[in-house]
Amino acid sequence: MKTLYEKLLDAHTVRRIDAETVLLYVDLHVMNEYTSPQAFAGLHEAGRIVRHPDRHLAIVDHVSPTRAIASLDEVEDAGGRLQIETLAANCARHGLELIDLFDPRQGIEHVVVPDLGLAWPGMTILCGDSHTTTYGAFGALAYGIGTSEIEHILATQTVEHAVLKPMRITLTGTPGPGVSAKDMVMAVIAHIGPNGAAGHAVEWEGPAVAGLGMEGRMTLCNMIVEAGARVAIIAPDIKALAHLNGRAHAPQGADWNALQAQAANLYSDPGAAFDREVALDVSEIAPLVTWGTSPDQAAPIMSTIPEPTSDADRRALAYMDLAAGTPLNTIRIDRAFIGSCTNARIDDLRAAADILRDRRVADGVTAICVPGSKAVRQQAEAEGLDVVFRAAGFEWRGSGCSMCLAMNDDVAARGERLASSTNRNFEGRQGRGARTHLMSPAMVAAAAVTGRLTDVRML
Amino acid sequence: MTPFVVHTGIAAALPAPNVDTDAIMPKQFLKRIDRAGLAEGAFHDLRQDSDFVLNRTPWNRASILVCGENFGCGSSREYAVWGLMQWGIRVIVAPSIAGIFFGNCEKNGLLAITLPAADVAVLSGLATDGDTARMEVDLPAQTIRHGRGETAFDISEMRKTLLLDGKDHIARTLEYEADIAAYEHARRRLNPLLK
Ligand code: SF4
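Keeping their order, the protein sequence lines are chains R and B.
The numbering of the first sequence is our numbering, which starts it at 1 and goes up by one.
The numbering of the second sequence is our numbering, which starts it at 460 and goes up by one.
Just so you know, the hints here were simulated from the structure itself, not pulled from any lab data.
All C-beta atoms, glycine included, are put in the ideal place defined by N, C-alpha and C.
Take the hints with a grain of salt, since some may be wrong.
Claimed, not checked - If we take Cβ atoms under 7 Å as the criterion, some of the chain B residues that face chain R in the derived model are:
#, residue
1, 490
2, 495
3, 505
4, 529
5, 555
6, 613
7, 616
8, 632
9, 638
Said to hold, decoys possible - Computed footprint of chain B on chain R; a stretch qualifies when at least three of its residues, placed anywhere within it, have a C-beta under 8 Å from a C-beta of chain B:
#, region
10, 40-52
11, 125-138
12, 401-408
Claimed, not checked - Label-pair distances were calculated between CB atoms; the ranges are:
#, chain 1, residue 1, chain 2, residue 2, range
13, B, 611, R, 1, 32 to 38 Å
14, R, 207, B, 506, 46 to 52 Å
15, R, 411, B, 644, 46 to 52 Å
16, R, 95, B, 640, 58 to 64 Å
17, R, 302, B, 601, 31 to 37 Å
18, B, 467, R, 302, 41 to 47 Å
19, B, 611, R, 95, 47 to 53 Å
My request is simple: use the sequences and hints to build the entire structure.
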């Protein structure tokens with residue numbers, strides 16, 4: 001009896017290295033411009049070559065500007081421009097596929113890869129970015145790595161994998177109105193803490209997971225990283241296959257049939273042992289917002305900021321300039337941001353647009369929407385969502401990571417408070433001294449129109 | 460990679476939990492294509508506060524960090540480890556260390572040690588006092604020697620060997636070339652999808 005994680009691990013183990021480590025084969029490696037340059041430099045210094053040039057995909061996303069530009073010269077930041085140029089040079093030198101700023105497929109890597117049909121059930125997909133777990137929604141074994149490991153994959157197509165403990169998170173019940181996948185994963189993180197899944201491969205299971213579409217499932221697999229999970233995975237079902245079918249890189253014909261047959265075996269055997277079990281009834285959760293500087297410091301929107309119980313809580317409240325006992329729905333915001341690999345897919349934009357239709361962003365609030373990819377942006381425009389966002393007073397931008405980590409020129413100022421659909425509220429993440437409240441895209445839209453954190457169900 | 464055998468140095472206590480890699484290496488230092496010049500970025504924003512431990516003597520010379528839970532959480536940026544090493548850090552001890560960060564440490568010859576919270580509390584107490592902050596970390600013996608005796612730690616055989624030899628992980632994996640080739644060959648037959 002094996003868990004899904006163990007089945008995927010077995011299928012990709014080249015050899016065992018020691019009691020806790022295996023050499024794992026990497027089917028697909030995805031890379032970006034900011035964590036890969038030193039990996040190529042290391043490869044070149046050692047005089048090594050890329051073992052399998054056709055098993056890598058490079059995407060420019062972290063430093064990409066979200067305002068329209070005609071050429072790379074218009075990327076104002078010299079460091080970012082150098083990273084983009086270096087990625088292009090490295091890809092050209094080794095014959096690797098590159099999606100650059102001007103490619104119609106460009107976007108945040110974790111949005112682009114599933115959109116292109118590159119995340120298949122049963123694959124291993126690694127990338128130099130912690131939210132690589134997103135692809136687990138399709139039943140792939142996927143996780144984030146550092147730069148040394150990127151170099152290791154370039155040279156060997158393998159990675160040293162410290163075997164993880166399997167953990168199961170079961171979601172039951174039917175979510176109430178206004179409760180999205182983002183609220184579910186935030187509720188789990190608040191429950192188990194920022195360390196609660198550390199050292200574990202999380203498998204999401206249960207009727208509430210099955211009830212979500214693929215985009216919601218990607219949100220779950222993406223953000224559980226904020227509880228320390230190294231891997232997140234969901235057994236592929238008919239929805240996963242339907243989502244994949246027909247996409248640019250999805251297998252076809254006999255290959256498609258073979259993939260379906262393979263996917264049918266990708267589940268945890270009944271009775272397989274999990275090291276840790278967590279269960280949550282989603283009918284009991286309300287839309288959440290964070291009040292602190294760690295993603296677990298979250299509470300239902302209609303509650304008040306809890307009393308601090310640690311130095312970390314006190315430091316967080318001081319940084320956020322908030323006091324215990326304050327009703328969350330009285331906190332005023334300066335900016336609203338809809339974007340990121342957690343929540344900038346088409347369903348996310350639709351949910352936000354539903355709130356924004358016939359409403360206006362409150363005076364004094366700067367609101368921007370950064371679709372997860374050019375394809376998402378195009379789809380949204382085909383549905384007229386851009387008109388809704390613009391009419392409400394949102395800026396409608398190009399795609400990229402943008403204000404999720406503020407490495408491009410979308411940066412919040414010191415002291416500014418943001419409602420954000422992203423995944424990290426760390427100190428300084430969205431700008432030095434900026435204060436982030438994490439929430440779902442619909443909740444960001446609600447906060448944008450009232451100018452304060454707002455229960456989307458009350459609008 | 461420089462081998463790690465025995466290291467003696469000043470330990471600094473950083474007991475806050477969830478110190479993330481954005482705090483260890485803020486984004487303004489991530490826009491480069493080499494690993495150089497990152498010492499300046501290590502804890503850059505925290506060091507703006509003159510009371511921050513690494514600004515005070517003798518901890519401004521610290522090479523061992525005794526940290527809180529979940530150290531190194533967040534982004535995968537290896538810049539965080541490069542910066543710490545360039546700042547002079549050789550050892551990190553914590554009750555738990557985030558997964559990607561932990562892997563990045565071992566690839567760069569930074570010894571990352573997890574210990575039970577009670578042991579970390581003892582080390583943290585010693586590190587807080589300038590008179591007892593000096594420690595000796597002995598990898599072959601798997602122990603940390605300090606003013607109150609010793610604290611033993613666990614490490615996997617693979618990590619220990621690679622750290623002791625200072626050997627590059629890729630060179631070691633390339634010794635398994637036959638295994639990789641055999642896997643690829645078998646896989647091609649088993650799974651025609653992944654040619
Ligand atoms: S959108 Fe944010 S979390 Fe996602 S890859 Fe980009 S920077 Fe990382």
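Per the CB criterion, is residue 632(B) less than 7 Å away from chain R?
holds, 5 Å
Let me know if the C-beta of residue 555(B) comes in closer than 7 Å to any C-beta of chain R, holds or violated.
It holds, given that the least Cβ distance between residue 555(B) and chain R is near 6 Å, below 7 Å.
Does the CB of residue 490(B) sit less than 7 Å away from some CB of chain R?
holds, 3 Å
Residue 95(R) paired with residue 640(B), Cβ distance criterion 58 to 64 Å
Given about 21 Å between the Cβ atoms, the range is violated.
Does the nearest C-beta of chain R fall within a distance shorter than 7 Å of the C-beta of residue 616(B)?
holds, 5 Å
Cβ-Cβ distance between residue 611(B) and residue 95(R): within 47 to 53 Å?
Since the Cβ atoms of residue 611(B) and residue 95(R) sit about 50 Å apart, the hinted range of 47 to 53 Å holds.
Starting from the hint 32 to 38 Å, judge whether the C-beta atoms of residue 611(B) and residue 1(R) obey it.
About 36 Å separates the Cβ atoms of residue 611(B) and residue 1(R), which means 32 to 38 Å holds.
Holds or violated: is the Cβ of residue 529(B) closer than 7 Å to a Cβ in chain R?
Holds, about 4 Å.
Hey, does the residue 505(B) contact hint survive, CB to chain R under 7 Å?
violated, 9 Å
Is 31 to 37 Å a correct range for the gap between the Cβ atoms of residue 302(R) and residue 601(B)?
Between residue 302(R) and residue 601(B), where Cβ atoms are some 52 Å apart, the hint is violated.
Range agreement (Cβ of residue 644(B) with Cβ of residue 411(R), hint 46 to 52 Å)
Roughly 50 Å apart at Cβ, these two residues keep to the hinted range, so it holds.
Verdict on chain B covering the region 40-52 of chain R, criterion of 3 CB contacts below 8 Å
n = 3 at 8 Å, threshold three: holds.
This entry does not satisfy hints 2, 3, 6, 16, 17, 18, going by the numbered hints stated previously.
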